[in-house]
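Participant: Sequence:
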Amino acid sequence: MNTKINHLLSDLTEQLNFIDLEIDNEIKRCEKAIEISIKSKEKLRVLIQKTNFKSEEEEIQFFKEIKPQFTSKIIYHNTIFNIEMKKPNGGTRVLKKYYNNELIKLKAFFDNELEFYKYYRTGNIYLDYKYFLRGKCDIKLSVNSYYFETDKTFSTSHDYKVAKILANDLIQLYLENQLIMIENKDNNEKSQRKPNVKMTWTSSKVALTELLYALHSEGVFNNGVADLKDIAEYFEHIFEIDLGQYRRTFLEIRARKADKTKFITSLNENLLKRMENSDDVI
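Per our numbering, residue 1235 is the first one in the sequence shown, and the count goes up by one each step.
Heads up, a few of these hints could be off.
Derived lysine-lysine pairs resembling DSSO-like cross-links, with alpha carbons at most 30 Å apart [to be verified]: (1) K1284 <-> K1273; (2) K1275 <-> K1288; (3) K1298 <-> K1321; (4) K1463 <-> K1298; (5) K1320 <-> K1266; (6) K1238 <-> K1284; (7) K1341 <-> K1321; (8) K1330 <-> K1266; (9) K1364 <-> K1331; (10) K1288 <-> K1298; (11) K1275 <-> K1419; (12) K1298 <-> K1386; (13) K1284 <-> K1262; (14) K1238 <-> K1364; (15) K1273 <-> K1262; (16) K1288 <-> K1273; (17) K1284 <-> K1386; (18) K1463 <-> K1496; (19) K1432 <-> K1507; (20) K1277 <-> K1266; (21) K1419 <-> K1341; (22) K1266 <-> K1284; (23) K1496 <-> K1507; (24) K1339 <-> K1386; (25) K1273 <-> K1238; (26) K1277 <-> K1419; (27) K1339 <-> K1507; (28) K1321 <-> K1339; (29) K1370 <-> K1288; (30) K1238 <-> K1266.
I should point out that these hints are in silico values taken from the structure, not numbers from a laboratory.
Being a predicted model, the structure only gives us computed values, none of them experimental.
Could you build all of it, start to finish, from the sequences and the hints given here?
Facilitator: Structure, rendered in structure tokens:
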């Protein structure tokens, strides 16, 4: 079952990525994305109804971690569709107010769901058997009215809330990006904002080299076709640093006996610690 689900999710992600590249109009892109996401979720529903979970733990994992990834995409694109459809015609001041009001609506959701939000974000599991098992609805645990209209064979009391949290994270990023673009337009900037301060790389050259190779391996620049040499020169330019013989440095990194990706490991650990300890929305 996991293989089929992973294939469904991978296929959905691939289709949505293709839409992002092919359709420029935000409203049309959302319409197509909603259509595709609904079809994918329906395939997931059929798959689950044909399969029995091996244990309660497997069922909890599905409704806590897997299904929300599908539902969140529908929520996200539907919300953006409505936001853009209702967007007022006006100058930058009007648009800023509009998008900021939408951000306030998001904050209201997090305020209303603060208890569950903290439970989910901090990785708690002690109420999972009530939140993410079918037929375990407890009205005392702040259940949305939406739940009572859902297919109980494919829903739990809180899987939709998880999807809403995932979607709202992306909606917030979208709204903030719109505000940034408006601000850039005000400043007659048609690309990225110009930084107000100079950034200096204060970690080691070895760490920067490790990051350089990691990003090149991931193919994050120019759709994966950027040359390592070009990326290295770009890093040297923006950080005003001489990486020297970075290829030899990489060989030394590769020859480490313990923790070959020392810097990347540290990045991962510190980011996870920040996520666990942060009380912010993001």
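Participant: Going back to the hint list, which numbers does this structure go against?
Facilitator: 3, 4, 9, 11, 13, 26
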